[in-house]
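Chains as they are written, first to last, in this note's numbering: chain U, 15 to 97; chain P, 15 to 97.
Calculated directly from the structure, the hints in this document are not laboratory data.
Any given hint could be a false lead.
Same chains, same names: a pair is fine if it fits in one copy or spans any two.
Stated by the list, open to error - Below 16 angstroms or equal to it, Euclidean Cα-Cα: the simulated EDC-like pairs (lysine to aspartate or glutamate) are:
#, residue 1, residue 2
1, Lys34, Asp66
2, Lys55, Glu92
3, Lys77, Asp38
4, Lys55, Asp30
5, Lys34, Glu58
6, Lys77, Asp30
7, Lys55, Asp86
8, Lys25, Glu58
9, Lys55, Asp66
10, Lys16, Glu93
11, Lys25, Asp66
12, Lys69, Glu47
13, Lys25, Glu92
14, Lys69, Asp38
15, Lys16, Asp86
Each chain, written out:
Number of protein chains: 2
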Amino acid sequence: MKKVKIYITLKQGVLDPQGKAVQDSLNTLGYSEVLNARVGKYMELTLDDSVDVEKQVEDMCAKLLANPVIEDYQYTVEEGIAQ
Amino acid sequence: MKKVKIYITLKQGVLDPQGKAVQDSLNTLGYSEVLNARVGKYMELTLDDSVDVEKQVEDMCAKLLANPVIEDYQYTVEEGIAQ
């Protein structure tokens with residue numbers, strides 16, 4: 015089995031109100047050193063060993079997991095996870 | 015400036031309906047090799063160089079960013095980001 019970690023972030027230049035809210039909240043709490051915050055999604059998928067994990071994950075991201083118009087995605091594949 | 019990447023995940027054993035929905039959707043789309051999916055949050059913070067970034071980030075996670083009852087968090091600090 016393989017474990018895939020997927021990081022989905024908004025593209026640079028896309029407004030991130032959730033990140034702005036996080037930044038404002040942190041500043042209000044006294045963490046004035048926080049200059050910027052961006053919020054994204056993180057997913058962990060467990061995949062059966064299949065023909066081409068990388069191609070499959072690319073497909074999944076483009077079709078369902080990320081919105082390629084406004085989001086970027088990155089992923090890492092870890093081999094041989096015993097679950 | 016420092017860039018901090020924070021990964022927040024549900025603790026093992028905590029039900030993840032969002033992850034289940036992602037898994038079911040992927041299976042429905044024909045990706046039957048997806049055995050499990052867990053969804054978490056990903057944040058990127060830009061911090062001014064302050065006294066002790068690690069301690070500050072620990073604090074922020076415990077107080078605002080994560081719910082320590084049901085969530086775990088991890089983070090990495092990247093030095094010297096020119097933004």
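Results for each hint:
1. In this homomeric assembly, Lys34 and Asp66 never come within 16 angstroms of each other (Cα to Cα): the closest approach is 38 angstroms inside a single copy and 23 angstroms across copies.
2. Taking the shortest alpha-carbon separations for Lys55 and Glu92, neither the intra-copy value of 19 angstroms nor the inter-copy value of 19 angstroms comes in at or below 16 angstroms.
3. With identical chains, the CA atoms of Lys77 and Asp38 are at most 16 angstroms apart between copies only, with a shortest distance of 14 angstroms across copies and 33 angstroms within one.
4. In this assembly of identical chains, the alpha carbons of Lys55 and Asp30 lie at most 16 angstroms apart whether taken from the same copy (13 angstroms) or from different copies (14 angstroms).
5. In this homomeric assembly, Lys34 and Glu58 come within 16 angstroms of each other (Cα to Cα) only across copies, at 12 angstroms, whereas the closest approach inside a single copy is 26 angstroms.
6. Taking the shortest Cα distances, Lys77 and Asp30 never come within 16 angstroms of each other, neither inside one copy (22 angstroms) nor across copies (22 angstroms).
7. Taking the shortest Cα distances, Lys55 and Asp86 sit within 16 angstroms of each other both inside one copy (11 angstroms) and across copies (15 angstroms).
8. Within a single copy, Lys25 and Glu58 get their C-alpha atoms only as close as 21 angstroms, which misses the 16 angstroms cut-off; across copies the closest is 13 angstroms, which meets it.
9. With identical chains, the CA atoms of Lys55 and Asp66 are never at most 16 angstroms apart, being 24 angstroms at best within one copy and 27 angstroms at best between copies.
10. For a Cα distance limit of 16 angstroms, the shortest separation of Lys16 from Glu93 inside one copy, 5 angstroms, qualifies, whereas the shortest one across copies, 31 angstroms, does not.
11. Taking the shortest alpha-carbon separations for Lys25 and Asp66, neither the intra-copy value of 27 angstroms nor the inter-copy value of 29 angstroms comes in at or below 16 angstroms.
12. Taking CA atoms no more than 16 angstroms apart as the test, Lys69 paired with Glu47 passes between copies only; the shortest distance there is 13 angstroms, against 40 angstroms inside one copy.
13. Neither within a single protomer nor between protomers do Lys25 and Glu92 lie at most 16 angstroms apart by alpha-carbon distance, with minima of 25 angstroms and 20 angstroms respectively.
14. With identical chains, the CA atoms of Lys69 and Asp38 are never at most 16 angstroms apart, being 39 angstroms at best within one copy and 19 angstroms at best between copies.
15. In this assembly of identical chains, the alpha carbons of Lys16 and Asp86 never lie at most 16 angstroms apart, being 22 angstroms within a copy and 21 angstroms across copies at closest.
Checked against the numbered hints listed earlier, the structure breaks hints 1, 2, 6, 9, 11, 13, 14, 15; every other hint is satisfied.
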